[in-house]
Amino acid sequence: MRPERRGFDRWASVVGAVLVWEAVSQIGILHPAFFPPPSRVLVALVLELRTGEIPKHAWVTLTAYARGLVLALAVGIPWGVLLGRVRSLRRASAVLIEMLRPIPSVAIIPVAILLLGIGEEMRFAVACYAAVWPLLFNTTYGVYNTDPVLVDTARIFGFAPWEVLLRVVVPSALPFIATGVRVSSAVALIVTVTAEMVAGTGGLGFYVKATELGGRIPEMYGGILLLGTLGYLLNHLLRAAEGRALRWYRGAMGRAEEVGG
Amino acid sequence: MRTPRRLPGIRSANWMGWLVFLGFVGAWEILSRRSGSLYFPTVTRIVETFAAVWQLPNLSAHVVPSLVRMGEGYGLAALTGTVLGIAMGHWRRLDRFLEPLVEFLRATPPPALIPFALLTMGIGDASKVFVIAFSSLWPILLNARDGVRNVDQAMIETARMFGLKAREVAMRVVAPATMPQLFAGLRTSLGVAFITMVIAEMVGSTNGLGYFILNAQRLFAVPEMYAGIFLLGLLGYLVNVAFERVEGRVLSWHRGSRAVQP
Amino acid sequence: MNRVVLEVVDVSKRFSERQRAALEEVSFSVREGEFVTIVGPSGCGKSTLLKCVCGLLAISSGEIRVEGRRVTGPPPGVVLVFQEYNRSLFPWLTVMQNVMLPLQKRKGLTPLDREGLALRMLAAVGLDGFGNHYPWELSGGMQQRVAIARALAFQPRILLMDEPFGSVDALTRMELEDLLLNLWTQFRFTTLLVTHDVDEAIYLADRVLVFSGSPGRVVDDVPVHLPRPRDQIGTRSAAEFASLRSRIFRQIGSGRVNWATAPHGEGGER
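Protein chains in written order, with the working numbering: chain A, 1 to 261; chain B, 1001 to 1262; chain C, 2001 to 2270.
Hints were generated in silico from the structure; no laboratory data involved. In this text, a Cβ means the ideal position worked out from N, Cα and C, and glycines have one as well. There may be inaccurate statements among the hints.
To spell it out: a stretch of chain C is covered by chain A in this simulated footprint if at least three of its residues, at any positions, have a beta carbon under 8 Å from a beta carbon of chain A; those stretches are [stated by the list, open to error]:
no.	segment
1	2080–2087
2	2168–2176
3	2236–2249
Label-pair restraints from in silico Cβ distances [unchecked claim]:
no.	chain 1	residue 1	chain 2	residue 2	range
4	B	P1008	C	Q2155	53 to 63 Å
5	A	G117	C	G2073	51 to 61 Å
6	B	V1241	A	V15	43 to 53 Å
7	A	A74	B	L1038	31 to 41 Å
8	C	Q2104	A	A74	22 to 32 Å
9	A	L115	B	L1056	52 to 62 Å
10	C	S2061	B	S1035	50 to 60 Å
11	A	G117	B	V1025	34 to 44 Å
No more than 20 Å apart at the CA atoms, straight line, and that leaves these computed lysine to aspartate or glutamate pairs for EDC-like [as the list claims (entries may be wrong)]:
no.	chain 1	residue 1	chain 2	residue 2
12	A	K56	A	E120
13	C	K2105	A	E163
14	C	K2107	A	E120
15	C	K2105	C	E2115
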């Protein structure tokens, strides 16, 4: 990864795009009712933040996302280690998993609504379901690819099987798990927002939809902007944490292959 | 460190795998009969409904529009992403300039854009196609860019040494060399397009498979809902298989060379 | 005469019914403090033998005894230095952490003891000051030295080495050979080293076990009476050296490996 460039010119394109939007909207090339200038959007956003409207919805989204992701980590990683390591289990679950795999997680939303209603439980369950798959696949992939030479080395030095698992297999699979976490995070956010739009009781997804229907267009853009920023920050945070923890991997290999959910 | 091996897929399954799967189906059937709940239709019911529902009328009313939208959005993304990605891979300055914007835009969850699209493009197909295209653009763009960047310098230098001019180098060395990575991006984007299609139809549409599933739920037509979900899975699988066929043809040379890598 | 610490008795190894045996009725023994090398063509089962001795592979018939006890799993105190040294070092640990890791399995050492031992070993292999580097930051030869330091820090009773210098360049190899001999002279650990390089086998050893092609068999047990300390130029140009060479080459030549029927599972990519 190239070092990030410090300084203003890094954001030149973003700032440029904003300025162009502002100009184009104010002049009227784009109809300001549909494309309000960024200045108006910002004002609306700040007002909504003040009233606590947006923070309330943001909190709803974040909690569903976070809870879902954490549970997915707790379920997906151990399960992935198990499948990666134990061939008989992998073979036994292969058919079932490959049958479920092509079904997009969002398609589960209606089922979840039937079973859990339209509240927080549903959103949390859907986020968790969506986040488990990328974690499972990436962890299994990483564990499966543990270098046998490393395992043999540990065994020679007298490591017991559980020690080999904890001190060789898992660290060795960490780069793949990290990729899985990033993908899971993105998917969890997308599915949470979708569930909010579909179920309509709270969250930023609901907010964006509601403001559009209610004709509060600058507020709608504010919500979208916030969601974009949220997505960006979460991704950035995960990458930073990953970079720290996996400094050794960057050097040793480069980029890990991305495995989709 | 050595190159990771792909996980053996369904082919690694043994009789045990099928047994587990059938066991799952069997358990569903038994439990759903016992429960008799509306929300828990039996497998036989679902299968019957599947066969009944997915006849020509429904297929043309829902499945065809879904696939068309997805195709259009994906196609648009593929075109734009490839061109832009190659440009960014070739001209460093352009890449550095656009990167932050790209990073921000691609982090925006696709559903967030649907109200925007509905507002500015109406409730027709255009809004859906836009959202699908927008979200599937990024994997293609980034992979195209990286593919161009990562072309082995040794190859390019060899070509130059043999007297190939810049344009020929681009077309006969860089382009083919970029293909594998580009296809990796195209594959990821296919999945993204598929998911986004479903999302767009659930949130802002009056037809399509996504809408069908959600609507079935609203009407408590539960077997129909499941019929839709499973068709979705089937379609996803078929689309993937089709892609792999194409990829296999285009990249036939690559498979061989990859196998020989140390 | 020192006591026998390793006994390999009529050991055969077959990977599957269809293939030829990798090893067939191999028998030899090693005494404490001896430096024994095994030499033979590629594919003759040498690596397989080492993996059986250290308990990573099960044998099909016969018996392996380390210090009188049968080998059923990795026996304590037996260490194998792999051919693929770059894959045997843990990439998420520094050099120092790599060397210290197996020491946690040694009872009776305080953390300070472990650190001291590791530092001494790193210095002994000439890697003073590289403790905080990661394996990927080092050259091939240096990585192999880390692997050796790690094995030695463990203070093994028997040191097994599988073509340890096979993947480094010729000059580095000579350095490493001498380094190994130095360390062996200091610490006198029992060593069993596999190589395909006949010169190296003679140069290092007290005894050379000559293996034939597949299935692997011991065809000769050659004592090496060259004076120690050995010297790259002096020893290698001795008349005795040349005659040992011819003797061994002739025997290897007689049992060349037939690639078409060589058993799988021997060396290479796992």
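The hints, checked one at a time:
1. 2080–2087: Since 4 is at least three, the answer is holds.
2. 2168–2176: violated (count 0)
3. 2236–2249: violated (count 0)
4. B:P1008 to C:Q2155: 53 to 63 Å: For P1008 of chain B and Q2155 of chain C the Cβ distance comes to about 42 Å; the hint is violated.
5. A:G117 to C:G2073: 51 to 61 Å: 55 Å, holds
6. B:V1241 to A:V15: 43 to 53 Å: 45 Å, holds
7. A:A74 to B:L1038: 31 to 41 Å: Given range 31 to 41 Å: holds, Cβ gap about 32 Å.
8. C:Q2104 to A:A74: 22 to 32 Å: At 28 Å between Cβs, range holds.
9. A:L115 to B:L1056: 52 to 62 Å: Given a distance of about 32 Å, which is not inside 52 to 62 Å, the answer is violated.
10. C:S2061 to B:S1035: 50 to 60 Å: 58 Å, holds
11. A:G117 to B:V1025: 34 to 44 Å: Because 27 Å falls outside the window, the suggested range is violated.
12. A:K56 to A:E120: Answer holds: K56 of chain A to E120 of chain A is near 13 Å, not above 20 Å.
13. C:K2105 to A:E163: Since the Cα atoms of K2105 of chain C and E163 of chain A sit roughly 11 Å apart, the hinted pair holds (cutoff 20 Å).
14. C:K2107 to A:E120: Roughly 53 Å between the alpha carbons, so the hint for K2107 of chain C and E120 of chain A is violated.
15. C:K2105 to C:E2115: 14 Å, holds
When each numbered hint is compared with the structure, violations occur for hints 2, 3, 4, 9, 11, 14.
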